[in-house]
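Undergrad: Letter by letter, the chains look like this.
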Amino acid sequence: MRNVWVYILVMFAVVYAVRVLPLLIRKPIKNRFFKSFLYYVPYVTLAVMTFPSIVEATQSPIAGVAALVVGIVAAWFGAGLFPVALCCCAIVLILEFFLV
Amino acid sequence: MKQLSPFTKGLRDGIPIGLGYLAVAFSLGIAARNAGMTAPQGFLMSWLGMASAGEYAAITVIAAGASYWEMALVTLVTNARYLLMSFALSQRLDPKLGLGHRLLIGYSVTDELFGISIAQETPLNPRYCYGAYLVAIPCWAAGTALGILAGNLLPTRIVSALSVALFGMFLAVIVPPSKKQPVVGLFVLLGFGASFAASRLPWISTLSGGTRTILLTVLLAAVAAILFPIKEDADA
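So the protein lines, in turn, are chains A and B. Reading the first sequence from the start, the letters are residues 1 to 100 in the working numbering. Reading the second sequence from the start, the letters are residues 1 to 236 in the working numbering.
In case anyone wonders, no lab produced these hints; they're calculated from the structure.
Here are the simulated BS3-like pairs of lysine-lysine, each with C-alpha atoms no more than 30 Å apart in a straight line: (1) LYS35/A x LYS179/B; (2) LYS96/B x LYS35/A; (3) LYS180/B x LYS231/B; (4) LYS231/B x LYS179/B; (5) LYS30/A x LYS180/B; (6) LYS30/A x LYS231/B; (7) LYS35/A x LYS231/B; (8) LYS35/A x LYS180/B; (9) LYS30/A x LYS179/B; (10) LYS9/B x LYS96/B; (11) LYS30/A x LYS96/B.
For the chain B half of the interface with chain A, some residues (derived, Cβ under 8 Å), not all of them: (12) VAL77; (13) LEU103; (14) ALA165.
Note that CB positions come from ideal geometry on N, CA and C, so glycine has one too.
Between the sequences and the hints, there should be enough to build the whole structure, so can you do that?
TA: Below is the structure:
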């Protein structure tokens, strides 16, 4: 096991550089591939991290699947970040009363 | 109504964001606790990191005991979207705005804080950001520490339910653009499928979660960029 504090500092150095460098450079990105790539990265990476992890996070996998479905439906109909998160938690809590 | 100063306005707009952060960070804290992190470590990670997906990925790296290089790479990939947001934000700043302000604004570009900042008049007054940051950052850090501490005290049912809050927030970020742009939706579904396959297939399933995230993200986003490049004038 390596040092957790060092991990945290490495993370900070990278994430701060990512955020602050574009604010220092005043010219926008011109390369079309790079622009497109950066455009798709957030959605793909969040999708990859969400599934199947959401199913493995709960006690009952069925509740995890239900949270995924409920989250997608709530977000589809325009619920914000916090309400969607709340809906996912609520469905897991309710279902696990019966399943676990 | 009395005209609020940009700083006060930022404080006010930061409150709902801070409350949401408190809850989601709690869920992040539970994940951090499972990775063996202490409350001070979680507090510092969140105070410095200010990222849900990025920190969650960082926790998987810590849990796996992977290399510091892997941590740097995972952080770069999972936070790459902030590069785009910061580029967009840089266009809203007064060109004469000094280096000090730029260094401070860059500290906490997150989905939500970027969202409210971009909704302000151009040029953006940095004091508005500072007001919002002052509420949001402590909430995020405290929520993480609380999740690590209280994860022990709460019943398993509650912990299980709260552990999906983070994923719920991810869904809230990826679903609306998927609805508007079928290409984004297609690649979100491909991401789900590829991630599931990668967690089951021989060889690739033996790689750490963070490494699989990097490989799949770079691969799928590159394919999407080649097949469906965004329009030249598209606003990031």
